[in-house]
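Based on the sequences and whatever the hints tell you, model everything.
4 protein chains.
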Amino acid sequence: MKREYCGLFGIYGHQEAARMAYFGLYALQHRGQESAGIVTWDGAAIREHRGMGLVHDVFNERHLGKELKGQIAMGHIRYSTTGVSLIRNAQPFLVRFKDWHIAVGHNGNLVNTLELRHELENEGSIFQTTMDTEVFVHLIAKYLNGGTIEEAIQKACAKVRGAYSLLILANNKLIAVRDPHGVRPLVIGRLNDNYVFASETCAFDLIEAEYIRQVEPGEMIVVEGGRLSSLRLLEKAPKRQCIFELIYFARPDSMVFDEGVYERRKTMGATLAKEAPVDADFVMPFPDSGNYAAVGYSQASGLPLELAMIRNHYVGRTFIQPSQDMRNFSVRVKLNPVRSMIEGKRILIVEDSIVRGTTIRTRVKKLRELGAREIHMRVSCPAIRFPCFYGIDFSSKGELIAATTPVPDIARFIGLDSLHYLSVPGLLDSVNEKDAHCLACFDGNYPIATGCHQGKMCLENESKVTG
Amino acid sequence: MKREYCGLFGIYGHQEAARMAYFGLYALQHRGQESAGIVTWDGAAIREHRGMGLVHDVFNERHLGKELKGQIAMGHIRYSTTGVSLIRNAQPFLVRFKDWHIAVGHNGNLVNTLELRHELENEGSIFQTTMDTEVFVHLIAKYLNGGTIEEAIQKACAKVRGAYSLLILANNKLIAVRDPHGVRPLVIGRLNDNYVFASETCAFDLIEAEYIRQVEPGEMIVVEGGRLSSLRLLEKAPKRQCIFELIYFARPDSMVFDEGVYERRKTMGATLAKEAPVDADFVMPFPDSGNYAAVGYSQASGLPLELAMIRNHYVGRTFIQPSQDMRNFSVRVKLNPVRSMIEGKRILIVEDSIVRGTTIRTRVKKLRELGAREIHMRVSCPAIRFPCFYGIDFSSKGELIAATTPVPDIARFIGLDSLHYLSVPGLLDSVNEKDAHCLACFDGNYPIATGCHQGKMCLENESKVTG
Amino acid sequence: MKREYCGLFGIYGHQEAARMAYFGLYALQHRGQESAGIVTWDGAAIREHRGMGLVHDVFNERHLGKELKGQIAMGHIRYSTTGVSLIRNAQPFLVRFKDWHIAVGHNGNLVNTLELRHELENEGSIFQTTMDTEVFVHLIAKYLNGGTIEEAIQKACAKVRGAYSLLILANNKLIAVRDPHGVRPLVIGRLNDNYVFASETCAFDLIEAEYIRQVEPGEMIVVEGGRLSSLRLLEKAPKRQCIFELIYFARPDSMVFDEGVYERRKTMGATLAKEAPVDADFVMPFPDSGNYAAVGYSQASGLPLELAMIRNHYVGRTFIQPSQDMRNFSVRVKLNPVRSMIEGKRILIVEDSIVRGTTIRTRVKKLRELGAREIHMRVSCPAIRFPCFYGIDFSSKGELIAATTPVPDIARFIGLDSLHYLSVPGLLDSVNEKDAHCLACFDGNYPIATGCHQGKMCLENESKVTG
Amino acid sequence: MKREYCGLFGIYGHQEAARMAYFGLYALQHRGQESAGIVTWDGAAIREHRGMGLVHDVFNERHLGKELKGQIAMGHIRYSTTGVSLIRNAQPFLVRFKDWHIAVGHNGNLVNTLELRHELENEGSIFQTTMDTEVFVHLIAKYLNGGTIEEAIQKACAKVRGAYSLLILANNKLIAVRDPHGVRPLVIGRLNDNYVFASETCAFDLIEAEYIRQVEPGEMIVVEGGRLSSLRLLEKAPKRQCIFELIYFARPDSMVFDEGVYERRKTMGATLAKEAPVDADFVMPFPDSGNYAAVGYSQASGLPLELAMIRNHYVGRTFIQPSQDMRNFSVRVKLNPVRSMIEGKRILIVEDSIVRGTTIRTRVKKLRELGAREIHMRVSCPAIRFPCFYGIDFSSKGELIAATTPVPDIARFIGLDSLHYLSVPGLLDSVNEKDAHCLACFDGNYPIATGCHQGKMCLENESKVTG
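Chains as they are written, first to last, in UniProt numbering: chain E, 1 to 467; chain D, 1 to 467; chain S, 1 to 467; chain C, 1 to 467.
Do not rely on the hints blindly, as some may be mistaken.
[What the hints assert, rightly or not] Dumping the calculated DSS-like pairs for lysine-lysine here, alpha-carbon to alpha-carbon at most 27 Å: (1) D:K334 x D:K345; (2) S:K334 x C:K236; (3) D:K159 x D:K239; (4) D:K69 x D:K98; (5) E:K98 x C:K159; (6) C:K66 x D:K66; (7) E:K98 x C:K173; (8) C:K155 x E:K98; (9) C:K173 x E:K159; (10) D:K98 x S:K98; (11) S:K98 x D:K155; (12) S:K159 x S:K274; (13) D:K334 x E:K334; (14) S:K66 x S:K155; (15) C:K173 x C:K159; (16) E:K345 x D:K98; (17) E:K155 x C:K98; (18) E:K66 x S:K66; (19) S:K274 x C:K345; (20) D:K98 x S:K159; (21) D:K69 x E:K274; (22) S:K345 x C:K274; (23) S:K98 x D:K159; (24) S:K155 x D:K98; (25) E:K345 x E:K274; (26) D:K173 x D:K155.
Quick caveat, the hints were computed from the structure, so don't treat them as lab data.
Since this is a predicted model, take the numbers as computed values, not measurements.
Okay, here's the thing in structure tokens:
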């Protein structure tokens, strides 16, 4: 499972700003389930509430109705990691510096954190966390001596390398920033007279805000006194938007990078059908991630679509150990095939990606036990062969199977009669903007130099918890 | 929303009986989210743990690993009602009578509760709850004086009228009972040498038990010392199995009444396509309830299927009030359309049922705002016109719209270009066993006399909480 | 530690009856920390809330302000037992019988529970708990057929044997009952125009009600429509009030049995000083239980009083295991001597009772380690040699040391230079009413026949949980 | 109520260091109930757990047995403030700086926080909290560039002004520091081969460690590799130990400043008896704070001691609103007089201090209602007329009544027949070391210059939360 990412939401000028931030984060919950935080500017100071868990666990009516006063709000959610989850690392990250109260929410990952940290420590900075966001904040503070907040952010951005979409609440200003390559998404909308920001447009749908456009790569947008101004951060750089947002992460009802996610996924499925047709009785997704590519494959190929793998909607964070003889329990509890649909059938499974392959293998084995005659798989993205240094934690859960294993061996490992990954050209054919995406996880061409593979790879353990 | 029902699970002879019951209930969670309880026989007494909430909230490792000792276990889950949820009403219902320790789990609803209760009170019985199950237990106790437990249950069943699938743990016996009409489901399976019982077969899939057959209407099955014996309860009666299990309640990967739920729903959709074709750009379900009929409709009609209404999987039991201007929030937070798929389209929505129509209306209105050209709806069951006295709480959330409103008016209310309900003959065509179901909610022919509309209708408020 | 007892509170006619019951129970918390419950009569039905834990954990503003509607309220608290604490056993005990809604709160213990239970079961009653209170309720229901509630209670009381102070909420009546011997306390007060009842007067002090008198042994008081009437239950019987209330259980600021607890304890200490003088440097209580007798001893003997054993007020229900080498931790964490006061001193400890002696032994050993020259102990009650069947759980924590061990051996076991228990005549000299108390735990003369030592001794394990 | 202070505990070299820290904090709980934290050094990094609430609420077996690994541990507790309690402010304060992992626990209050903060901000430091401790940590980091940790701490101490007892865990060193005046206490002990530190000796008693001596004012003690070395921090300064520790804060069974608290309090009471005798029927403390001075007064005066005001031991953090007509509820619920002892009596109350006087007034009024003939009060410390800038929050709950009101007027306000405060010479007569204490709250002679009344008075609201 790829679990990384964070979600951002900001609003300027609303009577119930914290409440809107709550609902904005609620709609973005798929981008992070570990922790949530909201900060507001009450006219004199920043108020905050952060906690571990889902948005609806972290906040209550008292927080939203009483404590988080003010008409400017910004919120952040983080993904769930294995191991120790630390409230210390929950964002937004909050500091006070002279007359400034600054809160920063960050989606992405910096790659020169360590060298910047050493540099700052030599100048006397001390750190309370291992988050790259804290380095960014130190840089802002450093450059604030004798400058405006906008200049300080600009200088800090010139100093850091990596992927970052940022929302910054600095006293009465709400500032949105996207790195020059635009790796992570960030969009602007309007709710009546208020400007809103979010990682994806699905947050706008929930609060009934109108989508305007995305924050452009390398753009800094400042909202103050209800007015919006746009500044260019740095020299232009080629767009390198994370194509995995379109393949997997973003919600299918969202727009990111100005593309409709649902249609892109359908098109990937359709392209796949052209690239690798198969004679099967039906097409079946593993819900919900494979659903949309499966629809596309079915329509392009003419094979019927069956929703014959059922997802249990009540799976919680259970800590109850299964019995000794309940093998592969954690998979089985989530996905159960419709027995009667399987026996004697030639089944084509459409999935959106394979990371380790073990979950899929377990379910494929079950299908065999239930009497499936043939099982083929088509994957709606190319094989993931390289780690991501810009904010996706492919590797945290184990090796990338495709990094070391040829496709026929993966098919054998999973127990498939055939396996095909969408080609890189096929993938690019399936999106609107062709030369605008980071494809490093497929081809190893990293658009942002990562030094000696710095970034999270080099940092100690806890630094995986960046978002 | 139709929220009623309960779920049952029992196991005889397993080293970790309580743990298996936990997972059995886990798989049946869709049948009840209000409370959960498990009892075990430890060789000398019944142990119990019950609580409000989902299965994974109610039980922890200590309950399953330490406290609920014994190799016979039985569990129960209840649905969530509005209003006060009472731990007092959580099942299994537990009593001690002379040397007997008896626990009863009940799915269904009795219709002569009140008259039996008065009769029992005149003989000196006192009641602690308003549950019909307590009446049943009093009857067992009454008939236990000078008889076996099997005889006592048989006599109690002769006395009560209504729908009941029961699991009874009586000292070292596990007893399963289904009312003569077989209104509610109950199935038998085997896990190695142990007999297991459940409301639906999906519970067997999770623990990897093998499905044997259903408990027959009017059958009592007694497991003791690992051996199973079957007794006939009463004179035969016509099968009147609740067809709503097949239409809506049961999980699509389950067998109930010896029919595969997934295929029945697909067939209903296909029949609907024949009964009421429409010229549309695509078929779309409201997930997840409409999914399977929509697949059937799409395949039978040749219209493409689109999954263009997206369900938010993180919706919790939120108590946060939306802002004043966030209308229809509770619907919007659950289902969001893919905007780009809607504009200019002729859309055919397939739903499995309409109770009040207000939720659907809200989403149809949204589709109109997004520019849908035509919106048609096909419903995969007949119009629900009569209340259910056997365990479905159609009426608790408001009136049944079809009870009082002609179909064209419903279409107008919802804002549809056309609306068609599956006909009763069409519904019967879609299942295997034709004359075996209760259709009272469609045609008003109640198979079990309800007196002056006794049962839950006559009881005071709290008695709605029966399951 | 003697942990038994329950506390009762009732109020008739107050606008915020549930809230007053809450505070009444709050003041009586020393009588039971296991569970708490409040019921109210809302004009049509009884409302209830019960839970495990302290009063301030069980209730919240919503319970008191919204749910527990009505102007008649009754509450109950239970003591904490070792082993499994069951919500099922929390009181008030609630039943519905015909048109009656009845809630019963019980302090005391019946001794013919088992035979009554068998009798009732033969007539068809079934039981959900092992509480003697449930037997009492069945009897009321039985006698209600064709009679008034007052008659039914009277007949039930004629049938049971044992100790019982009862508050009964029966529809719109609030009824207080005390057994013919008056073993357990119950007092009446007035708050403006409302009648109130409580186990001890300290509950009246907190809500600023005025103490009127105690409910007399064998008296039944009925409050209805704001008017109070008194009925005699049964033929007269000699008063046998539990003297342990005065020695140990009741709060020192309470009146029970029309005696001031503080002064009785001081007098016991003073009598002790006369019975068994000792040459010591100072008198020291083990706080807080020994405080008042120590004051009396000090004043009568002229020896100075020192409060040199300090009690930690933050001891919670900790579940943290101490380290291996932290012996006697649970005692040490509660009581710590003032080191500098101990060395070279001749110390006289005044305690109110010794049950097992192990706690005291641990602290005496510590005093020796700190250099105490002599350690004497004077106990302000006679040696407890016999179990109590009327509601005190002397025996649940181990044997009564004095039942089997001569006093000199107890002194040796504890490590004392001398030990003296107050004599029975000395104890009776210390109270106002001489022939009005049960002394069975000292002399074995049980005022109420207990059959073959029935009562809690004969019942199965769980029945210890009676209150 | 004076609620301020923090508590510290440290241990070096124990197999179960975190567990010992837990129990050490447990014994110090009276010094702070708002939050608790423990850090350990696991050989490579610092582990931490902090939380809001009492020690036994914050930690569980998993924290102590598994997560807080390592043989060096340090813990901190904070007092409870009104208003928002922030986990962000819980200590120990933790930072990483180059190769250093540093945790700081601080008891006391710095007075030049603001100017140091501005200075540091001008050099680029940023702050996440408003705690003075964070300033201290920044200074250490600043001076660590090119120096040892000992030198850095020494330089930081030279820079700050105020009261501070510190425990610092810096990688594998445990360092204890006390400011040059020794305002706050800190003691050293030994547990087998391990050194332990605590705010008071009562923490040693609980874990059965042996008291060695106090950390001297201006001393820095470093424990590394099990060996202890002592360094002088700065030039000598006169001892100015907070005499309020002896009067009120420390536990009576503790030693602080090498004085036994219990005996000092008794002596204060005795001195008071000489300074201001009164003809009364008995002496009575308001428990528990007045207990020990009352014992001293009684012994010196010959007046009998009565414990006639009873404290409710079950008072929790209740949020239940009393009824409208329940005046002064929060006082009444804690302290209730023994009615029968009061009528017609001439009562002498001994208290340890008066801050606002309102609580006392309420109870005195009650005594009048119960018929007390005369009520006199003797206070075992001089009148508190000046705010404390070194860590006691006299002022947070309202004005100091004695700062503005002459004693006769205070007596009138409270409703006393006479009132006397212990004189400053009388207080000094009651302790062993005469010229070693800070008396600023009585005489306004602040031993450490506070600039324009800096320190907590000047900082914004939240800075009250220093400890």
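Consistency of the hints with the structure:
no., hint, in the structure
1, D:K334 x D:K345, "23 Å, holds"
2, S:K334 x C:K236, "40 Å, violated"
3, D:K159 x D:K239, "19 Å, holds"
4, D:K69 x D:K98, "22 Å, holds"
5, E:K98 x C:K159, "20 Å, holds"
6, C:K66 x D:K66, "22 Å, holds"
7, E:K98 x C:K173, "33 Å, violated"
8, C:K155 x E:K98, "24 Å, holds"
9, C:K173 x E:K159, "36 Å, violated"
10, D:K98 x S:K98, "25 Å, holds"
11, S:K98 x D:K155, "24 Å, holds"
12, S:K159 x S:K274, "45 Å, violated"
13, D:K334 x E:K334, "20 Å, holds"
14, S:K66 x S:K155, "37 Å, violated"
15, C:K173 x C:K159, "22 Å, holds"
16, E:K345 x D:K98, "57 Å, violated"
17, E:K155 x C:K98, "24 Å, holds"
18, E:K66 x S:K66, "22 Å, holds"
19, S:K274 x C:K345, "26 Å, holds"
20, D:K98 x S:K159, "20 Å, holds"
21, D:K69 x E:K274, "58 Å, violated"
22, S:K345 x C:K274, "26 Å, holds"
23, S:K98 x D:K159, "20 Å, holds"
24, S:K155 x D:K98, "24 Å, holds"
25, E:K345 x E:K274, "22 Å, holds"
26, D:K173 x D:K155, "18 Å, holds"
Violation of the numbered hints given earlier is confined to hints 2, 7, 9, 12, 14, 16, 21; the remaining hints are satisfied by the structure.
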